[in-house]
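**Student:** What follows is each chain in one-letter form.
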Amino acid sequence: MDADPVLLARLQFAFTVVFHIIFPSFTIGLSAWLATLGGLWVYTGEERYQLLMRFWVKIFAVSFAMGVVSGIVLSYQFGTNWSRFSAFTGDVIGPLLGYEVLAAFFLEATFLGILLFGFSRVPPWLYTLSAAVVAFGTMSSAFWILAANSWMQTPAGHAIENGIAVPVDWLQIIFNPSFPYRFAHMLNAAYLTTAFVVLGVGARFLLEGRHLSEGRTMLRMGIGLAVILAPLQLFIGDQHGLNTLKHQPIKVAAMEGHWDGSKPADFYIFAWPDEKAEKNRFEISIPHGSSLILTHSWDGLIPGLSSVPPDQRPPVTVVFFAFRIMLALGFFMIAAALYGAFLWWRGTLFQTRWFLRIVANAWWTGFVAVIAGWVVTESGRQPWLVYNLMRTADGISPVPGATVLGTLALFIVAYGIVFSFGIYYMNRLIKQGPDAGGHGGHEPGFLSGNPVAAAQSPGRET
Amino acid sequence: MGSMEMYLPLIWAALIGVAVAMYIILDGFDLGIGVLFPFTKSETERDQMMRTIAPFWDGNETWLILGGVGLFVAFPRAYAVIMPALYIPVIVMLVALVFRGVAFEFRTVSRSKTGWSFAFALGSTLAAFSQGVILGGLVQGIAVTNREFSGGHFHWATPFSFLCGVALVAGYALLGTTWLHMKTEGQVAARAQRQAKYWLIAVLVFMAAVSLYTPIAEPRIAARWFSLPNFYFLWPVPTITALVAFACWHWIERGREVPPFLASIALFMLGYIGLVISNYPYLVPPSLTIWDTSASAGSQVFMLIGTLFLLPMVIGYVIFVYWIFRGKVREGESYH
Chain A
22 MDADPVLLAR LQFAFTVVFH IIFPSFTIGL SAWLATLGGL WVYTGEERYQ LLMRFWVKIF
82 AVSFAMGVVS GIVLSYQFGT NWSRFSAFTG DVIGPLLGYE VLAAFFLEAT FLGILLFGFS
142 RVPPWLYTLS AAVVAFGTMS SAFWILAANS WMQTPAGHAI ENGIAVPVDW LQIIFNPSFP
202 YRFAHMLNAA YLTTAFVVLG VGARFLLEGR HLSEGRTMLR MGIGLAVILA PLQLFIGDQH
262 GLNTLKHQPI KVAAMEGHWD GSKPADFYIF AWPDEKAEKN RFEISIPHGS SLILTHSWDG
322 LIPGLSSVPP DQRPPVTVVF FAFRIMLALG FFMIAAALYG AFLWWRGTLF QTRWFLRIVA
382 NAWWTGFVAV IAGWVVTESG RQPWLVYNLM RTADGISPVP GATVLGTLAL FIVAYGIVFS
442 FGIYYMNRLI KQGPDAGGHG GHEPGFLSGN PVAAAQSPGR ET
Chain B
35 MGSMEMYLPL IWAALIGVAV AMYIILDGFD LGIGVLFPFT KSETERDQMM RTIAPFWDGN
95 ETWLILGGVG LFVAFPRAYA VIMPALYIPV IVMLVALVFR GVAFEFRTVS RSKTGWSFAF
155 ALGSTLAAFS QGVILGGLVQ GIAVTNREFS GGHFHWATPF SFLCGVALVA GYALLGTTWL
215 HMKTEGQVAA RAQRQAKYWL IAVLVFMAAV SLYTPIAEPR IAARWFSLPN FYFLWPVPTI
275 TALVAFACWH WIERGREVPP FLASIALFML GYIGLVISNY PYLVPPSLTI WDTSASAGSQ
335 VFMLIGTLFL LPMVIGYVIF VYWIFRGKVR EGESYH
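Chains A and B supply the protein sequences, listed in that same order.
Residues in the first sequence are numbered consecutively from 22, following my numbering.
Residues in the second sequence are numbered consecutively from 35, following my numbering.
Just to be clear, a hint being listed does not mean it is correct.
Simulated restraints on C-beta separations [what the hints assert, rightly or not]:
#, chain 1, residue 1, chain 2, residue 2, range
1, B, Thr148, A, Phe256, 46 to 54 Å
2, A, Trp191, B, Trp325, 21 to 29 Å
3, B, Lys362, A, Gly368, 53 to 61 Å
4, B, Thr148, A, Ala430, 23 to 31 Å
5, B, Pro270, A, Pro201, 54 to 62 Å
6, A, Thr369, B, Leu342, 54 to 62 Å
7, B, Phe343, A, Val39, 32 to 40 Å
8, B, Pro72, A, Glu68, 41 to 49 Å
9, B, Thr148, A, Ile249, 29 to 37 Å
10, A, Pro201, B, Tyr232, 35 to 43 Å
Stretches of chain A that chain B covers, calculated by requiring three or more beta carbons in the stretch to come under 8 Å of a beta carbon on chain B [stated by the list, open to error]:
#, region
11, 95-106
12, 112-121
13, 414-420
A few chain A residues that face chain B, going by a derived Cβ cut-off under 7 Å, partial list only [what the hints assert, rightly or not]:
#, residue
14, Val90
15, Leu133
16, Gly134
No lab work stands behind these hints, which were simulated from the structure alone.
It should be emphasised that the depicted structure is a prediction, and the values quoted were computed from it without experimental measurement.
No residue lacks a Cβ here, since even glycine has one placed at the ideal position from N, Cα and C.
Based on the sequences and whatever the hints tell you, model everything.
**Tutor:** Here it is, written out as structure tokens:
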């Protein structure tokens, strides 16, 4: 069988990485949210914070498990499908991944044990501290992964010796030109994604008329976060865009669907890029829009796709549409957050049912925006695996295409099963609400006795 | 070769050796629990078995990532040869670990535990088996041309690698039974004590089979063990193994709780040391040594600085968490 191993290896990586990124974008934010709730609980001693924390820990556990198992797959895929890439870049990005495991992953995985099972064994402050340590761990994890990914986008601090990349300056490698923007953009995306999930669940409870106190708390905290993070994300994204224009101009041209670099660029709200004809069809545009955004001048020039031969262009259609999906969802989140803040200020946040209905159904927006953003940045890097250093086609393993196809099918089936059940269980946990198990009211001494035993009653499963 | 280029790869080989050993011990007993799942019908007892490992398994599995990433960091050219060569067993292991990993959470939130218990048992057993196959595939040698894997796609699939696969399943089950006997009470502990003896016998049979087969099949391994003066230094390895096995049996019979677990760990480590002796200094037998595949000194030093600082911290808080969850599992202890 002459299945194209490059395409299949890319498909397999794309599939496994998209599946994986869903969970870190949630657990990075959720662990910070858990630590915040824990802090409020320890500080105020209020029951609702503790109830909320214990409720979200269950959901966290399910999504963390899926994040961990899909992450292990990725860490080995560098070798299985991308062995030539590993041989070429191992000296540079190997240590970045090594630091991720040693400085971040162990921290998360170990203190997770306390967060999930230590409630009756450790005092509240240590329990809360464990949540904070997990939150710090997930954040540092993102730091190292983004450093490695950014180096592949904007390599710096290395030299090529005997056909492999070797480190010269570690600070330049880690803090490569696009790293600060990427890290800030991703971290903010993770917190924003979580804010919208919390918001959605809070709104759902209010609409259903149950868990009202916890629902209001979630709604307030979610809006409070989103109203800061959503506009901030627009600003970070804009800065990131300018950075990309400087270092990966052709990627920006693909995002903009901009072919001819000799004239000012319009911003296309919609268009259908035709890669063969090297122009767009069905354009709806804001004249000079992209020139204004990217160069801050009416007639500013930005490089066009036609300035490089076709074999050096990314897949324009994919990048173009993924970018628009991300933008649209970003603007939706800004609008929802601002309007929510307005309602809160007016004192009608909890009664405006149409608004509650919208946010209750918008819990997924952050996830899709994150995936779309990654598609933009990774597809936009094509045909390079390491920008201007190694082509994607040169990075794969000497493994037959049929094998990659077989294992891709295996991953699709396995992840399909796992993901369906995961969503189903999470949804059920949310349905059960914060006081599932019925240990309402006061919990006497979490150190003595066994408060969780009540939650283990047979009624829980019904 | 400067002295730094001489010693750095050695230090790194030792560190990765430690990570792999930690993995075998720690994830070994929790994979073993899954292997033992089919030997009980009661979901309540399975709950009890699972609770002994629930707070730890995630941290335990991280050692596997450290082993894989460590190889990528310190010996990228070995990593790039081994992974494609053992592609299928590696992927099977990963998919098995996916099902096994989510089973921990899904089993507790699902209405019917049976399905996820099955996934946990099958996932654990298959992961253990694949790890044995990977090990066997490595020991029997990997074809390399121009520093790239050049063998056939199923070269790893030999009777020897399958033997190693079954051996590792039995080994993990032994760790699992002795761990359970230490961490549980009542029925589960009693059954674990009974089963431990059978698994111990199985492990000894497999260890003997592997120890006999490798020197017969691989002349380089025979030369390592049976030439003089090596033989004078190496004969204690099998002797100590026999003594530890005897002590382990004795302690299981006497119903001791901690010593049989420690003895099974010791058995594992002895087998592991045996493999290291057989294959040193090859990282990809029979052609690439640790020096052939080593990362540049700059990469190894950069990572070593962090490791010397971070690894003791990791070990410190891992011990702390084991200490927090010390003793027998308590009834009904969970976050659900």
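**Student:** If a hint holds in the structure, say so; if it doesn't, say that too.
**Tutor:** Outcome of the hint check:
1. B:Thr148 / A:Phe256: 46 to 54 Å: Holds, at about 52 Å.
2. A:Trp191 / B:Trp325: 21 to 29 Å: With Cβ atoms ~23 Å apart, the hint holds.
3. B:Lys362 / A:Gly368: 53 to 61 Å: holds, 54 Å
4. B:Thr148 / A:Ala430: 23 to 31 Å: Once the Cβ atoms are compared, 27 Å apart, the range 23 to 31 Å for A:Ala430 and B:Thr148 holds.
5. B:Pro270 / A:Pro201: 54 to 62 Å: Holds, at about 56 Å.
6. A:Thr369 / B:Leu342: 54 to 62 Å: For B:Leu342 against A:Thr369, whose Cβ atoms are near 59 Å apart, the range 54 to 62 Å holds.
7. B:Phe343 / A:Val39: 32 to 40 Å: Roughly 35 Å apart at Cβ, these two residues keep to the hinted range, so it holds.
8. B:Pro72 / A:Glu68: 41 to 49 Å: holds, 43 Å
9. B:Thr148 / A:Ile249: 29 to 37 Å: With a Cβ separation near 47 Å, B:Thr148 and A:Ile249 fall outside 29 to 37 Å, so the hint is violated.
10. A:Pro201 / B:Tyr232: 35 to 43 Å: Given a distance of about 59 Å, which is not inside 35 to 43 Å, the answer is violated.
11. 95-106: With 7 residues closer than 8 Å to chain B, the region 95-106 of chain A meets the three-residue bar; holds.
12. 112-121: holds (count 8)
13. 414-420: holds (count 3)
14. Val90: holds, 4 Å
15. Leu133: holds, 6 Å
16. Gly134: With a minimum Cβ separation of about 3 Å from chain B (threshold 7 Å), the hint on A:Gly134 holds.
The structure does not agree with the numbered hints 9, 10 stated previously, though it agrees with the rest.
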